[in-house]
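Student: What follows is each chain in one-letter form.
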Amino acid sequence: MTDGPARVPGQRAAAIWGVLATVLVVVSSIGVFLVAPEDADQGIIQRIFYFHVAIAIASLVAFAVACVAGILQLRTRDERWDDVGEASIRIGLLFSVLVVITGSIWAKASWGTWWVWTDPRLVTYLIVVLIYAAYFVLRSSVEDDRRMRYSAIYAIAGFASVPLSFYSVRVAESFVHPVVFTSSGANMPGSMLWWFVVSQAAMICLFVALLELDLLGRRSERALRRLAMRLESA
Amino acid sequence: MRRRQLMALVRKDLRLELRTRETIVAMVLFAIVMLVILQFGFGTRDDDLTRFVGGLMWVTLAFTAVLGVGRSYVAEREQHVLDGLLASPVPRTVMLGAKAIAIFLYMTAVEVVVIPLVGVFFVKGSYWDAIGWIAIAALLANACIALSGTLFSGLALFTRARDLILPVLFLPALVPVVVAGAGATHAVVGGSPDMSEWRGYCLFLLAYAILFALVSIATYDAVFDD
Amino acid sequence: MVTARGLVHAYGERRAVDGVDLALAPGERVALAGANGAGKSTLLRLVATLLRAQSGTLEVLGEEIADGARAARAGIGYLAHDPLVYLDLTARQNLELYGDLYGIDDRDARIDDLLDHVGLLGRSEDTVRTFSRGMAQRLALARMLLHRPRLLLLDEPHASLDARGAALLDGELEAARADGRAAIIVTHEVERVARVADRLVVMRAGRVVCDESTDGRDPMAVRRRYEEVA
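Residue numbers (numbering that gives the first Met the number 0), protein chains in the order written: chain V, 0 to 233; chain B, 0 to 225; chain Z, 0 to 229.
No lab work stands behind these hints, which were simulated from the structure alone.
Among these hints, one or two may not hold up.
Covered stretches of chain V, as calculated for chain B (at least 3 residues, CB under 8 Å) [unchecked claim]:
| hint | region |
| --- | --- |
| 1 | 150-156 |
| 2 | 192-198 |
Across the chosen pairs, the derived CB separations fall in these ranges [said to hold, decoys possible]:
| hint | chain 1 | residue 1 | chain 2 | residue 2 | range |
| --- | --- | --- | --- | --- | --- |
| 3 | V | A222 | Z | D217 | 49 to 57 Å |
| 4 | V | A233 | Z | G5 | 40 to 48 Å |
| 5 | Z | E211 | V | M228 | 58 to 66 Å |
| 6 | Z | D115 | B | M6 | 56 to 64 Å |
| 7 | V | S232 | B | R18 | 52 to 60 Å |
| 8 | B | F41 | V | E37 | 25 to 33 Å |
Just so you know, even glycine gets a beta-carbon here, dropped at the ideal spot from N, CA and C.
Model the full assembly from the supplied sequences, consistent with the hints where possible.
Tutor: Written out as structure tokens, the structure is:
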């Protein structure tokens with residue numbers, strides 16, 4: 000046995016990512032609310048856009064990670080990939096809910112209504128939330144080895160559904176409402192783009208930090224259970 | 000060999016359906032009831048619902064699809080035959096293909112009733128000259144429904160409360176199919192058809208079917224790999 | 000024909016099969032016995048490629064199961080508690096389906112032979128739903144033999160077969176020895192199976208606790224030996 004407090008692998012990584020995420024979130028918050036120029040048309044409400052879009056993209060990263068973890072889980076049958084998949088989807092789902100909420104606030108401020116079916120981003124994220132909420136319904140209704148396999152398959156199929164939902168809503172949108180909202184995109188002034196990049200980095204670091212933390216928790220739990228079992232048998 | 004296995008499995012499903020008539024009759028009746036309920040749900044006495052015809056048709060077809068897909072492994076599960084298939088040298092992708100073909104045929108049978116009925120019930124203007132275009136979009140949508148439905152029904156097969164799990168898994172994935180199916184329908188119904196719009200939706204349905212075919216082929220081995 | 004080393008299959012935390020070694024030579028017929036929950040059916044399902052081992056290696060009919068399950072399946076005949084046939088198809092339609100799944104060349108002639116063999120030729124156009132339990136299990140026997148398997152895996156065959164089916168099965172197991180086919184027979188009725196088996200394997204709590212030849216031994220002596228170890 001080693002001396003001193005027991006270490007679970009990944010503690011250092013979780014700490015580093017946590018610090019990095021905290022710093023970036025603070026910096027980007029200051030930048031977005033105090034430094035970045037105010038949008039001429041939309042005023043202060045436009046500032047929510049930095050987080051709205053950054054969280055949206057970070058949630059897609061999370062779902063992509065879950066999809067890759069699913070593929071690796073099916074290949075290796077290693078339960079650690081199941082952990083990565085579940086944790087990623089949990090965080091991605093939380094982010095997607097935030098996207099819908101921030102989008103709804105934005106809609107209220109811009110168009111005076113909490114919900115607009117003509118805003119493709121809002122609508123697709125609602126579908127994404129539904130797709131990944133179903134992941135947890137599936138998990139809770141099946142056990143053990145099957146749970147890991149089914150979850151992995153669903154994470155892969157779900158990630159295939161995401162671009163389809165995005166695209167279908169946008170195809171419909173382009174036919175019904177030829178005018179597309181472009182309050183985002185490449186026609187941002189330079190300083191706005193800079194702060195957007197910072198908030199994007201902050202959100203992705205936040206995802207990685209939350210993921211590492213979640214996995215750390217699971218590893219500690221397992222280590223604890225092993226220890227308990229060893230004590231029992233001793 | 001694979002072809003022979005595929006044909007044998009499809010023939011088996013059709014023979015069972017012909018003998019028991021459990022699935023298709025229920026699906027058709029369910030679809031008609033859906034149309035009636037939707038009409039009353041609108042709360043309008045308007046005879047011409049051309050504006051909503053895509054929604055009426057595709058919401059009905061989506062829910063009917065859930066019903067049909069939910070039946071797809073019932074004989075195997077209730078009569079405990081699945082082990083017999085799994086112990087035989089059938090590639091899982093052949094099982095996938097056979098189930099998908101069966102669902103495709105069931106959906107087509109339902110649409111043979113539903114698509115004309117929608118015209119009779121809800122459209123007073125031009126409809127019948129567009130029915131061929133609607134049928135093509137419907138066949139593409141059936142491929143989408145069959146491929147994703149087979150995958151999700153496999154996942155739901157051994158879960159608790161599977162009758163509840165299947166719609167929760169399957170319906171969100173069907174949203175794009177409903178969007179595109181309804182879009183394609185609206186593009187051609189009610190005079191002045193917009194063929195480029197119709198083509199756009201059909202291409203989208205094709206892309207959906209191809210993507211889900213790839214995902215299903217890649218993962219179906221794992222569905223039954225206990 | 001079967002080589003298993005350190006085979007493990009767990010349902011969650013519970014290890015139903017916990018490190019089993021088993022080797023089966025051509026012509027050998029093993030009676031696999033043990034109390035309920037000892038892991039014998041799970042072991043049989045592992046060999047039948049219906050379950051995947053979480054660790055250990057398994058070779059069936061010269062194929063490593065981890066990568067060649069499908070090739071092995073073609074040579075396995077599996078008789079389960081359930082007859083594994085569709086109740087709403089006729090006896091013949093069921094056998095036609097399996098004949099196609101296994102890719103049998105002389106399908107129709109083979110089906111006629113087997114239906115005759117199990118005494119169902121007169122009922123071949125009736126749906127299985129109209130069959131008695133014993134008849135359905137005799138059809139299952141025909142289904143198992145259809146593709147001329149070299150390895151027979153039987154899960155409590157005598158529990159559901161009628162007298163006629165049991166006699167057919169015993170004949171088949173007799174013949175297996177001469178043809179170099181192997182068989183594993185999961186059973187409670189050790190003395191019943193001891194007449195046609197030449198080896199007794201007993202499992203307890205997922206492990207093999209006894210593996211010995213019973214060739215030429217009196218069935219009741221085998222029974223007593225089983226009760227000693229189980």
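Student: Each hint needs a verdict: does it hold in this structure or not?
Tutor: Verification of the supplied hints:
1. 150-156: holds (count 5)
2. 192-198: Coverage by chain B is violated for the region 192-198 of chain V (0 residues, Cβ < 8 Å).
3. V/A222 x Z/D217: 49 to 57 Å: Hint holds: Cβ distance 55 Å, inside 49 to 57 Å.
4. V/A233 x Z/G5: 40 to 48 Å: The hinted range 40 to 48 Å is violated for V/A233 and Z/G5, with Cβ atoms some 25 Å apart.
5. Z/E211 x V/M228: 58 to 66 Å: Cβ of Z/E211 to Cβ of V/M228: about 34 Å, so the range 58 to 66 Å is violated.
6. Z/D115 x B/M6: 56 to 64 Å: 27 Å, violated
7. V/S232 x B/R18: 52 to 60 Å: With Cβ atoms ~57 Å apart, the hint holds.
8. B/F41 x V/E37: 25 to 33 Å: 45 Å, violated
Taken one by one, the earlier hints fail for this structure at numbers 2, 4, 5, 6, 8, listed in ascending order.
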